[in-house]
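Chains as they are written, first to last, in our numbering: chain D, 7 to 341; chain Y, 7 to 341; chain F, 7 to 341; chain H, 7 to 341.
Be aware that one or more of the hints could be misleading.
If chains are identical, the list can't say which one is meant, so a pair holds when it fits in one copy or spans any two.
Claimed, not checked - Once the Cα atoms are required to be at most 20 Å apart in a straight line, the calculated EDC-like pairs of lysine to aspartate or glutamate come out as:
1. Lys300 with Asp257
2. Lys297 with Asp170
3. Lys224 with Asp268
4. Lys99 with Asp66
5. Lys207 with Glu276
Simulated from the structure, these hints should not be mistaken for lab results.
There are 4 protein chains.
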Amino acid sequence: MIKVAVIGASGYTGLELIKMIINHPHFELSYVATSEGGVTLTELHPSLKGVIERDVYKADAKELAKNCELAFLALPHQTAMGFVKELMALDVKVVDLSADYRLKQETYEAHYCEHIDVENLDHAVYGLPEMYRDSIREARLVANPGCYPTAAILGLLPFVSYIDENYPIFIDAKSGVSGAGKKCTSSTHYIAINENIFAYKPFAHRHEPEIHEKLFLKSNKSFDINFVPHLIPATRGELIDAYMLITQEIDPIAVLKAYYKDEPFVRIFEGPVDIKSCAGTNFCDIYAQVKGNKLYVNSSIDNIVRGSSSQAIANANLMMGLAENAGIPNIAYVP
Amino acid sequence: MIKVAVIGASGYTGLELIKMIINHPHFELSYVATSEGGVTLTELHPSLKGVIERDVYKADAKELAKNCELAFLALPHQTAMGFVKELMALDVKVVDLSADYRLKQETYEAHYCEHIDVENLDHAVYGLPEMYRDSIREARLVANPGCYPTAAILGLLPFVSYIDENYPIFIDAKSGVSGAGKKCTSSTHYIAINENIFAYKPFAHRHEPEIHEKLFLKSNKSFDINFVPHLIPATRGELIDAYMLITQEIDPIAVLKAYYKDEPFVRIFEGPVDIKSCAGTNFCDIYAQVKGNKLYVNSSIDNIVRGSSSQAIANANLMMGLAENAGIPNIAYVP
Amino acid sequence: MIKVAVIGASGYTGLELIKMIINHPHFELSYVATSEGGVTLTELHPSLKGVIERDVYKADAKELAKNCELAFLALPHQTAMGFVKELMALDVKVVDLSADYRLKQETYEAHYCEHIDVENLDHAVYGLPEMYRDSIREARLVANPGCYPTAAILGLLPFVSYIDENYPIFIDAKSGVSGAGKKCTSSTHYIAINENIFAYKPFAHRHEPEIHEKLFLKSNKSFDINFVPHLIPATRGELIDAYMLITQEIDPIAVLKAYYKDEPFVRIFEGPVDIKSCAGTNFCDIYAQVKGNKLYVNSSIDNIVRGSSSQAIANANLMMGLAENAGIPNIAYVP
Amino acid sequence: MIKVAVIGASGYTGLELIKMIINHPHFELSYVATSEGGVTLTELHPSLKGVIERDVYKADAKELAKNCELAFLALPHQTAMGFVKELMALDVKVVDLSADYRLKQETYEAHYCEHIDVENLDHAVYGLPEMYRDSIREARLVANPGCYPTAAILGLLPFVSYIDENYPIFIDAKSGVSGAGKKCTSSTHYIAINENIFAYKPFAHRHEPEIHEKLFLKSNKSFDINFVPHLIPATRGELIDAYMLITQEIDPIAVLKAYYKDEPFVRIFEGPVDIKSCAGTNFCDIYAQVKGNKLYVNSSIDNIVRGSSSQAIANANLMMGLAENAGIPNIAYVP
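The following block holds chain D by itself, in its conformation from the complex (with noise of 0.2 Å):
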């Protein structure tokens, strides 16, 4: 068994990390901890009672050095590479769920904050396995993507060469609320939620320019990303409906299933997706249509376990020599 961390437990994404953790077959949780610490893991998670305890620590590197091979951090940004640098330091590998080592320094120091530990920022990986899965194997650190870029890139990617980029890409994503975070706010109030439907941060999402980016990087062709989320009634689950031009004709599930023909936990549905069909799983289900030289793709994942968690689990997996699915849930929470 291979002994890893999870630093930032406290909060739904920690909450899913623990979860797989507790039923992989190679990895086994050596040590929890969030940034206060002082608790234990089934006084934070009532829902874990009966299953596993844990005393939860103050985060500390050196601590966390001591028996664990690797590190997830489910933190948020900022704080994420303060640990990812003294981790590095301690030789632990890491995968960081935070948008920290997901950018490149510029892009990441106009959207969020200066970038402290550019050193490893250098050699960190983007943890699309779909793209990067070669280097994701050779990674000490990798960058979890964020739940919209997955879900948007995933969809976006086998398109690429067909997408006329003369033309603006309009993505109109659906989020459920657990990707607002475990802080009761005026907006996350039950009351604000049920019965509602509402964008927010239109045009100004942080996760534009990583979609960017990313499609950039594969495509060498400068999208121009319009990206508007919203937040829907639900708790889980995050659907993509994309919207560009095209520049030929093309049967757009065919190039979907050409595509992703060997991916495992790509789905090519005949028809619009659900996000409640891969809810719960590491899947993203993708659907397209084109009507004259437009494209519809339409694109589903649960956000905080493909978007988040199992995501994390499946990059650890592929730094430490495992098979990619161990542990990796494809079970939908259906009905």
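Got chain D; can you put chains Y, F and H on it based on the hints?
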């Protein structure tokens, strides 16, 4: 008091009509019918117990015409035009909530079925007061707009002279389940909707040609409308997110405010709109934003109120020479 | 028009009061305040945009008293009694929505805090019109009942002479989340409520002594009330299921119909009631069933309408010599 | 690997069985059938795409018996017993999820229909492991308990010697909509359930005699069970609130902890339980509280997991000599 009739009282829009007529200062509910008849109103709608009771008859145009000056038809398309034909001959004014008189004959027959009442189609007026208020005042037959076209057209209308007609307009719409009707099907089952969201009929919904035709009639521009509706886990409400290019710099909020400065039932917001703030009302709430040459238009209505029944009442008010806002709800179902 | 004030305009019940006053035929909203002030009404409640605009003041009894004949107080308990004392001295009639004047001093102090306005407590009338209509007409100060007591008492009252007082009454109640208030807490977060249900404060909720005391005052029987409330994933509505023994055979529907035969806002159903059919209205819907010597009473209200604000308006109507139903909503939020 | 069959694969409990068998360490899904057949598994359950594919046959006991040692029947009552009879004759072990073998003949026939397989009814074992673990190990036919009885009996069992049998037990239950089955009816329509809650079949549900009979068999006390179930707006989960009198002072938490000290799938909580913390798992969560001589018992399960399919798998494990917890989910659908 003006005696009015509702045919098609069993569905959601029939109920909404009746709710508003009960509180209307000038309308009296004189005749209520369904295609079957033989029940009472509170058997159809137990929530009306203690408020109103009526026998519900099997729809009969001649019976209706004995007392009523105006009829609301909340019937499926094709069924509606049979009754309209009869009622016009009997000199009863009609607000038809179906699609039967919304479109030109060729558009209608391309997307629905053969039209059997072309004579009345010729003088029917499209019942969007913000577009055709003066004609509605003179009309004997008003075709009440579809819910999606109401929200989409009201959002797009102020911008028609700025939109680049050489590029598509993409409309990503989200509707509460009441839009799918009262019939329980595998896709209106609670389990299918709850914790879920999905597109249906992408680029193939019959409201797409309605949006196209009405914008063309107003602007003489043949916009390329591409419409993708979704079902969301909410009972009522409809959100429109429309994406397009513009040909000149504009301040979209200023455009909206100028265009609707005298309209009592359009509200311009300075940030994204939601569906709850207008639920239960005749308001259409609109926000818009520009990024470079991209325009994002975001509008919301209650799909069965402004998107159907309250708009029908407003049309009837205009047809009968009353104040447009008589009996029209403006207080939202909030919280 | 009678000028009225609302103090405590920021919460859900404050909003409901304002919604009803706007449409009230005899009340004019003359003064609106919160404990902070310094905002406008549509800043507090954006859904009121286009309907009404008002400055919201920092609550000041003397300012209020300059114009208003009656004030609605939608404030937390303890805060309320400070204002009531002042307003009584200034000869303003008050409907207080807090718990401060609902209970006898000893009951109040055992469950809340010290009472600082015993003088006015002495003449305050409990504002359940079905119990105290005549006294409310003469009252200067009405204590609006709690939401759970409203539904529970209305369900139980008709049966007090049949209930076996030697056995407990168990009341299992279910409330929409609006009952928990607008404040964001870990238990009002969307994720905590959605797809969930749980009891809170079993046998220890402060509405238990309120139900006990009011039934005692009416029946002179000291029933053993055992009350367990639950939060359900719904915005509004409250369902009561009460279980008890009876001492003689009765036809419970006949008892209910006889008891409430002249009551306009109590509806007797022949099968279990739901919360949706009375949502948004002042109705209390009741069903009851007997099996042997067991009596099951099932009642429902809208917790923030009949359970708070519309009942407050009805009380104000009675206090001002108006028709009890003036401005009282009876059309449900259905669908 | 032990080859097993699922008959009745189209419903929710059939799907849950299949989900668990897929991940089971010792079971292999060898035969899948419905009463119709002629489809594939992913046509029935698209969420299984990419996980498993099987032809779904028209149910045939002889075909099944060629390969399978054990069959799960997820069929309606009355249909089930026809298959059980055949399968017993063919020497296939059966876990029957219907009501057909849960009750004594006289109880069954009083509440369901004539029993046509009394011979097998005689040796069938009621599949609640906490009650009948040893008998289940020896059984050829296990009758899987109803969902409500599972939660109610597990909550009440520890207290049978303390409960006053001269006084009724009132059980107020709340169930997610999956309990109402996959069939679309007016009461499973999204609009009927959303923002709503209501009781159904008060004192007349067929799980009432099941609870009564099982408690009697264990305690020799004929408790007066009074059961009122409700539908709540949630997909899965079941909450039980039971109210009764006790004859002596007890510490209810201590009683629960002692009674279940060796049970891996019962968790005792020190405050009210919710349905989310055990959703998707085989746990039954229990809390209890005493006030004077009144006892309140509060338990929760996932209605289609512990209330049906995971309990069926646990029973099958016992029948096949495996560890009871093999393949049994214990990680909740949280958040």
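Results for each hint:
no., hint, result
1, Lys300 with Asp257, "within (12 Å within a copy, 28 Å between copies)"
2, Lys297 with Asp170, "both (14 Å within a copy, 19 Å between copies)"
3, Lys224 with Asp268, "within (19 Å within a copy, 51 Å between copies)"
4, Lys99 with Asp66, "within (15 Å within a copy, 54 Å between copies)"
5, Lys207 with Glu276, "between (32 Å within a copy, 12 Å between copies)"
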